[in-house]
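A.B. asks: Go by the hints and put chain B onto chain A.
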Amino acid sequence: MDALNIGGTVGEQLRAQGVSRRGFMKFCATTASLMALSPALVPRIAEALAGAKRPSVIWLPFQECTGCTESLTRSHAPTLESLIFGAISLDYHETLQAAAGHDAEAARNRAMEANWGEYFLAVDGSIPLGNKGYSTIGGVSNVDLLKRVAQGAKAIVAIGTCASFGGLPKASPNPTGAVAVRDLIKDKPIINVSGCPPLPMAITGVLAQVLTFGQLPELDHLGRPKAFYGQTIHDRCYRRPFYERGQFAESFDDEGAKQGWCLYKLGCKGPVTYNACPTMKWNLGASFPIESGHGCIGCSEPDFWDWQGVYRPLSTTRWGGYQTLGAAAAVGVAAGAVAALAARRKQRPVGEDEA
Amino acid sequence: MSTDARARLAAIAIVAETPPAPSVGADSGNVPLLLGEIRHALERLLATGAVHAIDLRAIPLGPGEEDRLLEALGTGELCATFDALGRSELQECRYPGVWRITHWNAADELIGRFIEVTFAPALLASNREDIRDGLERLSAELSG
Chain A
1 MDALNIGGTV GEQLRAQGVS RRGFMKFCAT TASLMALSPA LVPRIAEALA
51 GAKRPSVIWL PFQECTGCTE SLTRSHAPTL ESLIFGAISL DYHETLQAAA
101 GHDAEAARNR AMEANWGEYF LAVDGSIPLG NKGYSTIGGV SNVDLLKRVA
151 QGAKAIVAIG TCASFGGLPK ASPNPTGAVA VRDLIKDKPI INVSGCPPLP
201 MAITGVLAQV LTFGQLPELD HLGRPKAFYG QTIHDRCYRR PFYERGQFAE
251 SFDDEGAKQG WCLYKLGCKG PVTYNACPTM KWNLGASFPI ESGHGCIGCS
301 EPDFWDWQGV YRPLSTTRWG GYQTLGAAAA VGVAAGAVAA LAARRKQRPV
351 GEDEA
Chain B
1 MSTDARARLA AIAIVAETPP APSVGADSGN VPLLLGEIRH ALERLLATGA
51 VHAIDLRAIP LGPGEEDRLL EALGTGELCA TFDALGRSEL QECRYPGVWR
101 ITHWNAADEL IGRFIEVTFA PALLASNRED IRDGLERLSA ELSG
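Taken in sequence, the protein lines are chains A and B. This note's numbering applies: residue 1 is where the first sequence begins, and numbers increase by one. This note's numbering applies: residue 1 is where the second sequence begins, and numbers increase by one.
With the rest of the complex left out, here is chain A (with noise of 0.2 Å):
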């Protein structure tokens, strides 16, 4: 793990490990549709990653659940070991990583000194202000540890909802005065790969976007990339022609949940989520929440633990009136493109007045 100055470009990388030119075209087609690129794009990116320096990356865990370090390890396009070994030099990461104690916080120092200024630092989990000794690493607490490496970090990747938006640590009451990296770090480029946990090819999309480009990704309003947090969960939802028909499930076992129709009524919040999971799907492409018959909860949304319950109609919660969806419902077509419309207008301020 402690690969500090490796060195080389990626192409070079691969190619010492034995991947033929074959391989590497491979590689980058599906690192392509896990960037969420054209696949016209591929030849371009494979100039562009062929001649990428391997970038170092330190990995900070602060008050998280590893469920982040999971979705990553279960990221398989690129797979994980490649883009350890192929694409980045994963310098610190406290889960991954064979060293331990004062070897590991020393491969941490020598990681920052030899890059600094030019690696990126990934946060998994938030960071409690209520008390420093609520989270702590050799002693030192999470607040002191992110200023000092985001000191020297080129751009700084939240990973999580937690790291993003303060997740479920902030949930109300919120007793460790929980915050996100974005209100502590403000002179620093932070990309928020937010989600309960993230997808993991956004996790790695993100890194190797990064890597292929040497350039931020565009980001959204929250500072999420658009690749992946572009459209809502409802706009790529494949039930959406049910919701746009009125056809909704009322009961988890009732004939229209059997049917597939749409869950908006069970309390799915698809339509003010923004997140890739109908097309990227999970566990391998198997399916994802709402293909498995369970509403969205909108995890990669700021504060999603606090709206007012998983399974209440959004248009019961803090979207207006029951009244509203029901004649949403049964018009159809027009007035549900309404609801959704309203449902969307008023996702913005979600972020922005409780984040």
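Because the hints were derived from the structure by calculation, they are not lab data. Treat each hint with caution, since some may be false.
Unchecked claim - To spell it out: a stretch of chain A is covered by chain B in this simulated footprint if at least three of its residues, at any positions, have a beta carbon under 8 Å from a beta carbon of chain B; those stretches are:
| hint | stretch |
| --- | --- |
| 1 | 16–23 |
| 2 | 27–35 |
| 3 | 290–304 |
To be verified - Some, not all, of what chain A presents toward chain B, calculated at C-beta under 7 Å:
| hint | residue |
| --- | --- |
| 4 | P39 |
| 5 | L41 |
| 6 | P278 |
| 7 | T279 |
To be verified - Label-pair restraints from in silico Cβ distances:
| hint | chain 1 | residue 1 | chain 2 | residue 2 | range |
| --- | --- | --- | --- | --- | --- |
| 8 | A | R148 | B | G29 | 52 to 60 Å |
| 9 | A | A16 | B | R44 | 33 to 41 Å |
| 10 | B | A11 | A | T95 | 54 to 62 Å |
| 11 | B | R128 | A | K258 | 55 to 63 Å |
| 12 | B | E141 | A | D220 | 50 to 58 Å |
Bear in mind the structure is a predicted one, so any value in this text is a computation, not a measurement. The beta-carbon is built from N, C-alpha and C at its ideal position, and this holds for glycine as well.
C.D. replies: Frame of chain A, contents of chain B only:
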């Protein structure tokens, strides 16, 4: 758990139901649209030689829709496989010029599926760098 509680649990009837057949329109409706896109791409290929690729992971598809699309495209004459960072399969479909390209990783997990409309996928061709390496190896063996 008490005997009483166990008895109460056992009293809950569990019925295994066969899922009903999907109702009409129980999908995204994207399969006919994709087939239309492929038809247009074939016309363009013939007219201008322009290559077209579709990443199936970027398209919202409901349960079974990808299978229905692949079934509609069928299987043609040629199938090529190679092994680099895992297995890959390049299968010509029953409409010549349409190729189904599937990539697996080293653990045999599906990592990408594309439809390419082209005379031959670029991945079939040997690459200059690989040819150069091979030539060096052959030359070394002959001189050794």
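A.B. asks: State for each hint whether it applies.
C.D. replies: Do the hints match the structure? See the list:
1. 16–23: Our answer is that it holds, as 5 residues pass the Cβ test (under 8 Å) against chain B, meeting three.
2. 27–35: Since 5 is at least three, the answer is holds.
3. 290–304: Coverage by chain B is violated for the stretch 290–304 of chain A (1 residues, Cβ < 8 Å).
4. P39: 4 Å, holds
5. L41: With a closest approach of 10 Å, the L41/A hint is violated.
6. P278: 5 Å, holds
7. T279: With Cβ-Cβ at 6 Å, under 7 Å, it holds.
8. R148/A to G29/B: 52 to 60 Å: The hint (52 to 60 Å, Cβ to Cβ) holds, given that R148/A and G29/B are roughly 53 Å apart.
9. A16/A to R44/B: 33 to 41 Å: About 40 Å separates the Cβ atoms of A16/A and R44/B, which means 33 to 41 Å holds.
10. A11/B to T95/A: 54 to 62 Å: With a Cβ separation near 45 Å, A11/B and T95/A fall outside 54 to 62 Å, so the hint is violated.
11. R128/B to K258/A: 55 to 63 Å: 56 Å, holds
12. E141/B to D220/A: 50 to 58 Å: 56 Å, holds
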